[in-house]
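Trainee: Sequences are here, hints too, so could you generate the full structure?
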Amino acid sequence: MLLRSWDPDDAELLARTAMSACGSVGWADPLQPRLLSAVLVHVFGFETDLDTLEPITLVEVAAAIPDHRRRRQLIDLLVSLEVICNPIPQALSDSVDAWAAGLGVDDDDALLVAREFAAGEVARATADFVRSTYSDIDDAQRAELDRRLELFGERAY
12 MLLRSWDPDD AELLARTAMS ACGSVGWADP LQPRLLSAVL VHVFGFETDL DTLEPITLVE
72 VAAAIPDHRR RRQLIDLLVS LEVICNPIPQ ALSDSVDAWA AGLGVDDDDA LLVAREFAAG
132 EVARATADFV RSTYSDIDDA QRAELDRRLE LFGERAY
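No gaps in the numbering here: position 50 of the sequence shown is 61 in the numbering used here, and each next residue is one more.
These are computed hints drawn from the structure, not numbers from a lab. Only a predicted model underlies this, so the values are computations on that prediction, with no experimental measurement involved. There's no promise every hint is true.
[What the hints assert, rightly or not] Label-pair ranges, simulated between beta-carbon atoms:
#, residue 1, residue 2, range
1, Ser16, Glu71, 51 to 61 Å
2, Ser16, Glu58, 20 to 30 Å
3, Leu156, Asp78, 40 to 50 Å
4, Asn97, Val70, 40 to 50 Å
Here a beta-carbon is modelled for each residue, glycine too, at the ideal position from N, C-alpha and C.
Mentor: Written out as structure tokens, the structure reads:
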């Protein structure tokens, strides 16, 4: 997620868009607003209470961001918020897809690639964490984990 072409004056627009696309019916994961707030503060120096922001429509965002590159970067931000969830809720995925289509940046495989990469990395990080703490579990827990891994694969985590 590169936001180099954005400046601090754009932070509220980014926040309102992310809230409207990813958090309008409540966040799917509590890490989503924390990540968004961290990006806003550390990249743009913009602090706000996300719950007080006014929603923004896709039409308003399209008018405010005519540049395709900036639209792509905005969708990358939305995907970053989306892939925190494991699994990704269908309603959230549908919303991000709709925003990408509405902004004309759904013409490539970037969404799919980002989602697949993130899902793989989440599974890998979880597996690494479990392995690093594997010595702390007893034989019954180890057997149950092995059974779940066999049965569910990555979803066992």
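Trainee: With reference to the structure, classify each hint as holding or not holding.
Mentor: Hints versus structure:
1. Ser16 - Glu71: 51 to 61 Å: With a Cβ separation near 19 Å, Ser16 and Glu71 fall outside 51 to 61 Å, so the hint is violated.
2. Ser16 - Glu58: 20 to 30 Å: At 22 Å between Cβs, range holds.
3. Leu156 - Asp78: 40 to 50 Å: holds (48 Å)
4. Asn97 - Val70: 40 to 50 Å: Violated - the Cβ-Cβ distance for Asn97 and Val70, about 32 Å, lies outside 40 to 50 Å.
Violated hints, listed in ascending order, are 1 and 4; each of the other numbered hints is respected by the structure.
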